[in-house]
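Trainee: These protein sequence lines are chains A and B, in that order.
Reminder that position 46 of the first sequence reads as 46 in the UniProt record's numbering, one-by-one numbering, no gaps.
Reminder that position 129 of the second sequence reads as 129 in the UniProt record's numbering, one-by-one numbering, no gaps.
Derived from the structure by calculation, the hints contain no laboratory data.
Among the hints, erroneous ones may be present.
[Stated by the list, open to error] Reference excerpt, derived from the structure (chain A facing chain B, CB under 10 angstroms, subset only):
#1 Asp203
#2 Arg206
#3 Val217
#4 Lys225
#5 Met228
[Unchecked claim] Here are the simulated DMTMM-like cross-link-like pairs (lysine to aspartate or glutamate), alpha carbons at most 25 angstroms apart as the crow flies:
#6 Lys3/A with Glu114/B
#7 Lys301/A with Glu133/B
#8 Lys3/A with Glu157/B
#9 Lys25/B with Glu36/B
#10 Lys100/A with Asp89/A
No residue lacks a Cβ here, since even glycine has one placed at the ideal position from N, Cα and C.
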Amino acid sequence: MFKFIVRRFLQTIPVVIGVTLLVFSLMHFIPGDPAQIMAGETAPPEQVERMRERLGLNDPVYVQYGRYVTNLLQGDMGQSIRSSRNVLDEIRPRFWITVKLALYSTILSVFIGLIAGVFSAVRRYGLADTTIMIIALFGLSMPNFWLGLMLIQFFSIELSLLPPSGWGTWQQTILPVITLGTAGAAIIARVTRASMLEVINQDYVRTARAKGLSERVVIYKHALKNAMIPVITVVGLELGVLLSGTVLTETVFSINGMGRLVIHAISSRDFPVVQGVVLIFALMFVLVNFLVDVSYRYFNKRVDYN
Amino acid sequence: MEQPKPFLEIRNLTTVFDTDAGQVKAVNDLSLVVPEGKALGVVGESGSGKSVMSMSILRLVREPGRIAAGEILMGGEDILKLSEKALRRIRGNRISMIFQEPMTSLNPVFTVGEQIAEAYQVHQGMRKSKALERSVDMLRQVGIPSPEKRARQYPFELSGGMRQRVMIAMALACNPSLLIADEPTTALDVTIQAQILDLIKSLQTELNMSVIMITHNLGVVAETCDYVAVMYCGKVVEYADVETLFREPKHPYTLGLFNSLPRHDEDRDELIAIQGAVPNPTNLPTGCTFAPRCPDARPLCEQEAPALLDQDDNTQVRCWKFTEKWQETVENT
Numbered sequence: 001m002f003k004f005i006v007r008r009f010l011q012t013i014p015v016v017i018g019v020t021l022l023v024f025s026l027m028h029f030i031p032g033d034p035a036q037i038m039a040g041e042t043a044p045p046e047q048v049e050r051m052r053e054r055l056g057l058n059d060p061v062y063v064q065y066g067r068y069v070t071n072l073l074q075g076d077m078g079q080s081i082r083s084s085r086n087v088l089d090e091i092r093p094r095f096w097i098t099v100k101l102a103l104y105s106t107i108l109s110v111f112i113g114l115i116a117g118v119f120s121a122v123r124r125y126g127l128a129d130t131t132i133m134i135i136a137l138f139g140l141s142m143p144n145f146w147l148g149l150m151l152i153q154f155f156s157i158e159l160s161l162l163p164p165s166g167w168g169t170w171q172q173t174i175l176p177v178i179t180l181g182t183a184g185a186a187i188i189a190r191v192t193r194a195s196m197l198e199v200i201n202q203d204y205v206r207t208a209r210a211k212g213l214s215e216r217v218v219i220y221k222h223a224l225k226n227a228m229i230p231v232i233t234v235v236g237l238e239l240g241v242l243l244s245g246t247v248l249t250e251t252v253f254s255i256n257g258m259g260r261l262v263i264h265a266i267s268s269r270d271f272p273v274v275q276g277v278v279l280i281f282a283l284m285f286v287l288v289n290f291l292v293d294v295s296y297r298y299f300n301k302r303v304d305y306n
Numbered sequence: 001m002e003q004p005k006p007f008l009e010i011r012n013l014t015t016v017f018d019t020d021a022g023q024v025k026a027v028n029d030l031s032l033v034v035p036e037g038k039a040l041g042v043v044g045e046s047g048s049g050k051s052v053m054s055m056s057i058l059r060l061v062r063e064p065g066r067i068a069a070g071e072i073l074m075g076g077e078d079i080l081k082l083s084e085k086a087l088r089r090i091r092g093n094r095i096s097m098i099f100q101e102p103m104t105s106l107n108p109v110f111t112v113g114e115q116i117a118e119a120y121q122v123h124q125g126m127r128k129s130k131a132l133e134r135s136v137d138m139l140r141q142v143g144i145p146s147p148e149k150r151a152r153q154y155p156f157e158l159s160g161g162m163r164q165r166v167m168i169a170m171a172l173a174c175n176p177s178l179l180i181a182d183e184p185t186t187a188l189d190v191t192i193q194a195q196i197l198d199l200i201k202s203l204q205t206e207l208n209m210s211v212i213m214i215t216h217n218l219g220v221v222a223e224t225c226d227y228v229a230v231m232y233c234g235k236v237v238e239y240a241d242v243e244t245l246f247r248e249p250k251h252p253y254t255l256g257l258f259n260s261l262p263r264h265d266e267d268r269d270e271l272i273a274i275q276g277a278v279p280n281p282t283n284l285p286t287g288c289t290f291a292p293r294c295p296d297a298r299p300l301c302e303q304e305a306p307a308l309l310d311q312d313d314n315t316q317v318r319c320w321k322f323t324e325k326w327q328e329t330v331e332n333t
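Generate coordinates for the entire structure from the input sequences, incorporating the hints supplied.
Mentor: See the structure below:
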């Protein structure tokens, strides 16, 4: 298992290099001259030239990339154009807010999704199954910003139960997490149900029953562990979707996380910040994929990435 | 032949499957005695209801199948009337089962040691570490080399024969009084088949277990069993001790089975098959279910179903040929 983890971890290195290459190229794909854009549309040519010199845009591309990576390794992501602060300092306080939001939402969707999916599968075609699947279909079909607005309308405005915005107290956590987690819960419920239905008729499930195990152990230990592989794939993918979903959710609930930071950065053409946030999101995605693969291995010992 | 002492008695068992095409009686009013400490072979073609019968004993039949009627008596207690909890205490403990497909009958995500240990944990309340030790002993007993290492492996790391040994170890963990082996060697190659059969046979004598050996292979019966029940269309058509059955098969279906065996002492180009096919299970004939395929069938056979009747040599046959009524029809024609 340890060897497997090390090997799988080494495999993330080329991916990370690719990610930095792509993020680095962002600057160069922007239409027009980045120096001009950064200096401002009306800046005189000398100022643009100074900006170009400052950004090192006169050097060959590979030198620029080398410098970018060297700086990255030293934790330097450049300076925000808007606030002149270090990009990393801009991101740092917001990073954990977004990570918490994404993590809580994932936990919520996995918890609800698994329970609902198993319940549905065990009572296939029953009333409970049909009801759960219809609810899941709704959950899946609702855009999350709309769900967020509806939740604010109902719980904050009509009932005055929960705050409509901000982040920090547990009351402020509930609505954003539901908003972000609902679609995931719905997808996980559907995948779990399908996967369980397949597993539930396998010979080894019958063996487990023949051994004298209780139905609870048969379902939750013997069947569910086998049904987990497709579910984990979806959880991993969902976490990616969720990270991007934070952008909308943070905007709807005025949460000062990375999502909102990047929206502001884009609208004010603060490219170093955009680059920084995109890089962080990409690295988080790489990390999630790594964790998903490691847990595959936990659930199915036949998995071997060579 | 002396009458065997029964360990388990199946009385008028009917197990049905509700399908879109109608109700299928996979096991149809079947009665059978499983003798104590002996091996009973259950033979029959695919679809004769052998497996469903054996699964009914542990109530493992799943939707759309269900046990519609009958009694399964063990020590005066009807298994079919037990609560789920009481039933679980029997499963894997007093009655164990091994299945046809060793490749898929073990759970791929647990080590074989863990899977055997579960039996000890659930039935003897053993702690996991102790149970794992015991499972290593069990693996050794079923002839698995370096059992300590094997116990930590997953089923996919083991060959088919190895896995079937693991299944046997799991089934025998709690010293069951009855082992049901549902075609335990069908999926294995011939040399391994013999090893597994020898293993079951020797463990049966050693532990003085009753065994139900489900098979379609008469050779397996001859090698491992003391008694035989021949099944056709969900019913027992002949019940005898092995010697009598092989020396003097009575039911035309049993005869057909013997005739269809390949033989070394005869120069035959083609194997003899029983004429026709198993009747449509949703629409069984009114009389004897074997009548449409039977070379000896008379009008009587198609009108009325025969009962399973005791014969002088302590065997039982379900055939009009062995009744007085048959004599009358012969005299009449």
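Trainee: Okay, which hints does this one fail, numbers in order?
Mentor: Number 9 - this is the single hint that the structure violates.
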